[in-house]
Amino acid sequence: MAQEILINVTPRETRVALVENGVLQELHLERARRRGLVGNLYKGRVVRVLPGMQAAFIEAGLERTAFLHASDIARAEPAPVGDEPNGRPPPLPIDELLTEGQEVVVQVLKDPIGSKGARLTTHITIPSRYLVLAPGSRALGVSARVEDPAERERLRAIGESLLADRGDMGIIVRTAAEQVAEEALRADFDFLLRLWQSISERAAHASAGQRVHEDLPLTVRAMRDLAGSEVERVRVDSRENYLNVVSFCRRFLPEMAPRVEYYPGERPLFDLYNIEDEILRALNRRVPLKSGGHLVIDQTEAMTTVDVNTGAYVGHRTLEETIFKTNLEAAQAIARQLRLRNLGGIIIVDFIDMVEEEHKRQVLRALEKALQKDHAKTQISGVSALGLVEMTRKRTRESLEHQLCESCPTCGGRGSVKSAETVSYEIFREILREARQFESRRLVVLAATEVVDLLLEDESTSLAQLEEFIGRPIELQAESLYTQEQFDVVLM
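Going by the numbering used here, the sequence shown opens with residue 1, and the numbers climb by one from there.
Just so you know, not all the hints are guaranteed correct.
As the list claims (entries may be wrong) - Once the Cα atoms are required to be at most 30 Å apart in a straight line, the calculated DSS-like pairs of lysine-lysine come out as: (1) K418 with K369; (2) K290 with K369; (3) K377 with K418; (4) K377 with K325.
Claimed, not checked - Have a look at the derived ranges for each label pair, beta carbon to beta carbon: (5) F469 with R286: 43 to 51 Å; (6) E261 with E450: 48 to 56 Å; (7) A204 with G387: 31 to 39 Å; (8) R285 with V355: 24 to 32 Å; (9) E357 with Y262: 34 to 42 Å; (10) V417 with E357: 20 to 28 Å; (11) E475 with V38: 51 to 59 Å; (12) E96 with L283: 44 to 52 Å; (13) R202 with E450: 44 to 52 Å; (14) L50 with D168: 40 to 48 Å; (15) L481 with R442: 58 to 66 Å.
These are computed hints drawn from the structure, not numbers from a lab.
Beta carbons: idealized from backbone N, C-alpha and C, even for Gly.
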């Protein structure tokens, strides 16, 4: 499984692509005007406490007030020690935890998405290459992706030795720590302690609304989070960023430093790997499958739906075999599309209906196996009574579509506009309404070219009858700047 990381830098935008066997798997981008906030720490002030929602709104110097739920507020009780440090005591009522005007250090858990403000937490975590420091917690966790029991036990023992005599600290051992020497883990831990000390000092002197810590820039963050033993090469097309990446690798990832290359070629780096074409395809609703079938992906505010269709694929044996093969191929494609498009929240997959239970189990296993490569946490709840696969994927940043696109000004994001015929009948009703209320010598209709053409051709008889009914002439004027739904009826 050969992987490459491609880093494309322009003055206002940085893009990082993870390519596996020549196929784009993940795309991360960061723009100077709107950098991601996840991981940043702020000194915030409580502006409103909402007992009915068990939440508070925090002014942290962001564009909108941010949201802090009671379950995301750290308390003095220690979290239990276990493989997954998510077990927390039940939250107290929000008005017992916070008061309006109180200042609190918070970390961004989720970027602002759509009309929603950022989601915050006071469970602070500071990640590095091998470990995640959790100040104020007593948890010790090992990534679930480390599957070897002996290696899990070794990492747990190292973690316990690191936390000895540090009752106010917790750590999570990341997947990247697998087979890493204890000395490297101890150096990582010492670095995190120094970083936290620096953050604590800044937070103590900061005023409300100030940022006290910013996560690493995307070029370096990608090396921290994506670079692993499977990555054979990292190519950077900016000399300055290449030097920064090499410097970071020499300090924290010495084994990766020789694999980092500067790409000075005249042909753009992403064009070399056809990444630009892949990005365009990732913005389409329809995703073709090699067999001839296709997926249809629709993203809404509540959830994302994925519909699987056989399309042109007719198979060679039985209908059940054709459906089974299409669903197996779709499972692989869906896992890739979720990563590539960064789709999160509730996801409903409508596979083609299968009769045999064994086929259903195999398709579900194929989807689970394909999702194991995903860095974001996913959870499949199985097949519903309606035959739909329900799953969730952790969402911290906006999807690729929301980052690169905006709602269509013509349809307002609906994905459709009223037909010219519908608009023409609306014009007829408006003419009747205006003619009954106001006196005039004639009426002028301003509308889009398509609507005027329809009125002059297919609806010319209806227009003549309407003129006779109201006793006034109706003139039509095509406006090239009008959308198909826009029109005006002017009394002259």
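The hints, checked one at a time:
1. K418 with K369: violated, 44 Å
2. K290 with K369: holds, 20 Å
3. K377 with K418: violated, 40 Å
4. K377 with K325: holds, 27 Å
5. F469 with R286: 43 to 51 Å: holds, 46 Å
6. E261 with E450: 48 to 56 Å: Given range 48 to 56 Å: holds, Cβ gap about 53 Å.
7. A204 with G387: 31 to 39 Å: violated, 56 Å
8. R285 with V355: 24 to 32 Å: Given a distance of about 28 Å, which is inside 24 to 32 Å, the answer is holds.
9. E357 with Y262: 34 to 42 Å: For E357 and Y262 the Cβ distance comes to about 54 Å; the hint is violated.
10. V417 with E357: 20 to 28 Å: violated, 45 Å
11. E475 with V38: 51 to 59 Å: holds, 57 Å
12. E96 with L283: 44 to 52 Å: Since E96 and L283 have Cβ atoms about 47 Å apart, the given range 44 to 52 Å holds.
13. R202 with E450: 44 to 52 Å: Violated - the Cβ-Cβ distance for R202 and E450, about 60 Å, lies outside 44 to 52 Å.
14. L50 with D168: 40 to 48 Å: violated, 30 Å
15. L481 with R442: 58 to 66 Å: violated, 23 Å
Of the numbered hints stated above, those contradicted by the structure are hints 1, 3, 7, 9, 10, 13, 14, 15, listed in ascending order.
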